[in-house]
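A.B. asks: Taken in order, these protein sequences are the chains called A and B. The working numbering numbers the first residue of the first sequence as 252 and each following residue consecutively. The working numbering numbers the first residue of the second sequence as 252 and each following residue consecutively.
A few of these clues could be false.
Partial list, derived from the structure: chain A residues whose beta carbon lies under 8 Å from chain B [what the hints assert, rightly or not]: (1) 266; (2) 283; (3) 389; (4) 393; (5) 441; (6) 542; (7) 556; (8) 557; (9) 560; (10) 564; (11) 611; (12) 638; (13) 645.
Across the chosen pairs, the derived CB separations fall in these ranges [as the list claims (entries may be wrong)]: (14) 278/B with 301/A: 19 to 29 Å; (15) 301/A with 463/B: 30 to 40 Å; (16) 405/B with 500/A: 25 to 35 Å; (17) 298/B with 524/A: 53 to 63 Å; (18) 310/A with 351/B: 39 to 49 Å; (19) 546/B with 381/A: 42 to 52 Å; (20) 509/A with 422/B: 26 to 36 Å; (21) 594/B with 632/A: 50 to 60 Å; (22) 486/B with 322/A: 55 to 65 Å; (23) 364/B with 517/A: 31 to 41 Å; (24) 546/B with 577/A: 20 to 30 Å; (25) 632/A with 405/B: 30 to 40 Å.
If you are wondering where the hints come from, they were derived from the structure by calculation, not from laboratory data. In this text the structure is predicted, and so the values were computed from the model without any measurement. Yeah, the Cβ is synthetic: ideal placement off N, Cα and C, and Gly gets one too.
2 protein chains.
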Amino acid sequence: MQAQIITIGDEILIGQTINTNAAYIGEELTKIQIAVSKTTVVGDEESVILQEFKSAFENNDVVIVTGGLGPTHDDITKDCIVKFFNTELEMNYEVLEDVRSIFQRRGRQMAKINETQALVPKIARVIRNTRGTAPGTWIEKDKKIFISLPGVPHEMKEMIDTEVIPGIAKLYKPENHSIKIRNLLSTGIAESTLFERLGNISELLEGAKLAFLPSQFGVKMRITAEEKNEDLALNKLSEIEQKIRSLVGRYIYGIENDTLEEVVGRLLLERGLTIAVAESCTGGLISHRITNVAGSSSYFERCVVSYSNAAKVEILNVNENTIAQYGAVSLEVARQMAEGVKSVSGTDIGLSITGILGPGGATREKPVGLVYIGICNETLCTAKKFQFSEDRLLNKDRAAQAALEILRRHLLGIPYDE
Amino acid sequence: MQAQIITIGDEILIGQTINTNAAYIGEELTKIQIAVSKTTVVGDEESVILQEFKSAFENNDVVIVTGGLGPTHDDITKDCIVKFFNTELEMNYEVLEDVRSIFQRRGRQMAKINETQALVPKIARVIRNTRGTAPGTWIEKDKKIFISLPGVPHEMKEMIDTEVIPGIAKLYKPENHSIKIRNLLSTGIAESTLFERLGNISELLEGAKLAFLPSQFGVKMRITAEEKNEDLALNKLSEIEQKIRSLVGRYIYGIENDTLEEVVGRLLLERGLTIAVAESCTGGLISHRITNVAGSSSYFERCVVSYSNAAKVEILNVNENTIAQYGAVSLEVARQMAEGVKSVSGTDIGLSITGILGPGGATREKPVGLVYIGICNETLCTAKKFQFSEDRLLNKDRAAQAALEILRRHLLGIPYDE
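When you get a sec, could you build the whole thing from the sequences and use the hints?
C.D. replies: The structure is reproduced here in structure tokens:
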């Protein structure tokens with residue numbers, strides 16, 4: 252069973268709006284094991300829309316269209332549906348009531364033009380819209396389903412959740428067939444190194460699929476298992492996950508939508524430890540991420556963004572001579588910053604970072620992208636050198652991610668290497 | 252002249268990644284007046300990709316493909332290009348050097364598999380990638396252009412900006428027709444209030460178009476003017492911009508891709524002023540944003556993220572009794588934090604924030620979303636109350652934006668009101 256998603260609207264075509272609708276629908280269809288064969292975006296032009304309807308309906312079992320259902324002249328999806336299915340529009344009085352009540356609820360006068368929202372293709376079943384004036388429509392023909400929904404995300408989502416997905420799932424019960432997905436999140440290792448360490452991939456996968464999705468935060472490994480039933484698929488996933496973890500487990504910090512700040516937050520809580528942070532080059536990003544986690548105040552005490560040398564000396568007790576001798580971007584200063592912030596805050600752990608993220612600030616010995624990350628607890632105080640690349644903002648992301656990963660490995664006693 | 256954008260990757264099809272690449276390319280093509288006829292997403296499957304290449308290349312003058320260029324088994328775009336154009340791969344030694352130097356720069360061992368990145372279709376011109384290992388390719392055939400780029404957004408963007416758009420623009424010059432777009436960025440005012448203050452919109456626009464695009468950072472106003480030539484379109488834009496500024500100019504902090512942190516950074520530099528920040532609820536986000544701007548070290552001295560009361564007292568000299576009397580989230584504490592961070596840092600300005608961003612921490616008198624922002628200079632020390640909403644992360648964004656806007660208005664002498 253496969254589906255195509257069609258998004259209609261010039262806004263999306265010219266990039267003023269990002270197509271989040273297609274992502275949402277794609278994810279929901281995948282969950283009920285309808286394979287998305289293709290996603291397309293077309294503008295508000297009849298001939299193009301009709302052509303897209305044709306090829307989509309020919310090649311798929313399910314077609315879901317969003318957008319182009321407003322009451323104004325530039326919305327033509329409904330007319331295209333009427334032409335494509337060779338039907339006509341008729342007034343649906345239930346929908347007309349829905350439209351009127353929406354205006355009533357908002358205490359607004361209803362412009363006459365909104366009545367056209369209640370005109371629906373004769374052969375369609377209506378999908379009611381409780382959040383807006385454009386109804387959705389559900390057409391079945393030649394054992395295929397053609398669905399049209401409004402483009403406003405929260406209206407579309409509600410209709411997808413309550414009507415569309417349950418409706419499709421009822422008609423298409425996958426028999427002898429189950430697809431399950433698991434995402435493993437790694438960091439601190441390059442995609443190609445990960446690939447090499449996994450060795451013989453096809454042997455490891457035994458027919459399942461593995462995708463590597465790299466970003467500045469690390470590499471996501473997405474495993475997809477397709478089996479005769481759910482149990483088998485889940486077993487297959489677990490088996491492969493185990494194998495992957497046995498080879499590169501130390502680099503895996505979480506699964507699915509976990510964030511590294513949540514993971515280290517949980518570890519700190521479990522161990523009853525507190526932390527303070529001293530940041531230079533990342534400018535507060537590490538602290539920002541740690542405090543994105545609700546409840547972080549139980550383990551996060553403070554952060555000092557010591558952008559100037561004076562701040563490093565005054566608040567963090569970094570030795571002026573050390574800065575003079577080694578420079579502010581050095582292993583020694585990173586160590587002193589971590590020690591300093593821990594000691595002035597009275598926390599169990601001090602985490603620090605200092606570096607040159609560009610575009611300026613580089614010297615002959617110290618290129619853009621050079622970063623030192625320090626970490627101290629009661630008994631140990633250490634720092635590590637990193638070399639990132641040219642882009643300031645990406646470097647910030649990479650450096651903050653590396654610092655949080657250093658913290659995670661510290662908490663778990665995993666050495667940091669690649 | 253028209254173009255199609257093809258995005259390749261299962262992760263986008265199944266909604267694990269949102270298709271921001273197509274939006275970016277769509278926007279850039281629109282700027283040089285290449286009409287985007289269609290955007291499609293297809294998975295990592297050869298037959299589907301080849302079919303999409305065929306229909307796209309038949310129906311358009313320009314085809315831009317992103318994704319599927321990684322070194323691992325699931326990346327097949329390059330093989331599809333070779334098949335589609337009936338050519339073959341050959342080693343490009345310039346690219347091989349690029350790939351090697353990327354690993355060298357990062358101080359990492361290069362896995363053998365990465366050498367395949369330097370294999371490019373024989374008939375293609377290479378678009379070099381300074382940020383990653385996958386080169387882009389530019390193929391011209393039958394007076395049409397077929398471009399392939401990596402899917403990693405920052406790599407793709409740089410290649411679009413420096414090679415692809417200039418290259419296409421040189422080949423295709425539009426006649427008797429010019430569309431120009433201008434975006435005005437406002438903050439601290441609701442969409443509906445903005446709309447009301449603008450009065451009679453159609454009179455104001457004289458045939459141009461205006462869209463309101465709200466987010467947690469403010470409302471973007473997008474003006475689109477379509478005229479016979481570029482000068483006329485630009486004049487129309489300037490005219491409308493002037494009218495809008497005369498009505499709601501105080502809320503407009505920038506245009507196009509300006510960020511509020513860049514705007515305040517420029518103002519601080521111009522005035523030769525320095526700043527220090529004391530954050531509680533935003534956890535370092537304000538400081539992170541200020542330091543996103545290259546060169547911010549000339550005006551940004553330090554930030555203290557005083558998440559605990561102890562940090563407020565110890566580093567910022569906030570009076571313990573004030574905290575006991577009014578609570579850490581209060582006008583008085585915000586003022587003392589701003590004064591404290593200014594005085595310990597010796598800067599011209601101190602900016603502070605304290606609040607309850609949720610989900611926990613609320614009391615009967617102090618609901619989630621309550622925030623106080625303080626600002627002090629040599630002669631004045633003031634604070635202002637804000638009430639945001641429920642969502643922790645959105646609240647962080649809103650609160651940091653409000654603090655930077657307070658700073659902007661302070662620097663420009665514009666009172667903060669709505």
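A.B. asks: All hints are to be evaluated individually against the structure, with a verdict given for each.
C.D. replies: Hints, one by one, checked against the model:
About 3 Å separates the beta-carbon of residue 266/A from the nearest beta-carbon of chain B, less than 8 Å, and the hint is met. Here the hint on residue 283/A is broken, as its CB sits about 12 Å from the closest CB of chain B, past 8 Å. Because the closest C-beta pair between residue 389/A and chain B is about 21 Å apart, greater than 8 Å, the hint is violated. The interface hint given for residue 393/A is broken, as the beta carbon of that residue sits about 22 Å from the closest beta carbon of chain B, more than 8 Å.
At a threshold of 8 Å, the smallest CB-CB gap from residue 441/A to chain B is about 6 Å, leaving the interface hint in force. At its closest, the beta carbon of residue 542/A sits 3 Å from a beta carbon of chain B; the interface hint therefore holds under the 8 Å criterion. Because the smallest distance between the Cβ of residue 556/A and any Cβ of chain B comes to about 4 Å, under 8 Å, the interface hint for this residue holds. Restraint check, residue 557/A versus chain B: the minimum CB separation of about 6 Å is within 8 Å; hint holds.
Contact between residue 560/A and chain B, as hinted, is not supported at the beta carbon level, the nearest pair being about 10 Å apart and thus beyond 8 Å. For the restraint placing residue 564/A at the interface with chain B, the shortest Cβ-Cβ distance is roughly 11 Å, beyond the 8 Å limit, so the hint is violated. With 8 Å as the threshold, the beta carbon of residue 611/A comes within range of chain B, its nearest partner Cβ sitting at about 6 Å, so the hint holds. With a least beta-carbon distance of about 4 Å to chain B, the hint placing residue 638/A at the interface is held under the 8 Å criterion.
At a threshold of 8 Å, the smallest CB-CB gap from residue 645/A to chain B is about 6 Å, leaving the interface hint in force. At roughly 26 Å, the beta carbons of residue 278/B and residue 301/A sit within the given window of 19 to 29 Å. Checking the proposed 30 to 40 Å range against residue 301/A and residue 463/B shows it holds: the Cβ atoms sit about 31 Å from each other. With their beta carbons about 29 Å apart, residue 405/B and residue 500/A fall inside the hinted range of 25 to 35 Å.
In this structure, residue 298/B and residue 524/A meet the distance hint of 53 to 63 Å, their C-beta atoms being roughly 54 Å apart. At roughly 43 Å, the beta carbons of residue 310/A and residue 351/B sit within the given window of 39 to 49 Å. Under the hint 42 to 52 Å, the C-beta atoms of residue 546/B and residue 381/A, about 51 Å apart, fit the expected range. Look at residue 509/A against residue 422/B: about 47 Å separates their beta carbons, and that is not inside 26 to 36 Å.
Judged by the Cβ atoms, the range 50 to 60 Å given for residue 594/B and residue 632/A is violated: they are separated by roughly 31 Å. The hinted range of 55 to 65 Å is not satisfied by residue 486/B and residue 322/A, whose Cβ atoms lie roughly 33 Å apart. Between residue 364/B and residue 517/A, the C-beta spacing of about 35 Å keeps the proposed range 31 to 41 Å intact. A beta carbon spacing of about 24 Å between residue 546/B and residue 577/A agrees with the range 20 to 30 Å that was offered as a hint.
Checked against the hint of 30 to 40 Å, the C-beta distance between residue 632/A and residue 405/B comes to roughly 35 Å, which is consistent with it.
Comparing the model with each numbered hint stated earlier shows that hints 2, 3, 4, 9, 10, 20, 21 and 22 do not hold.
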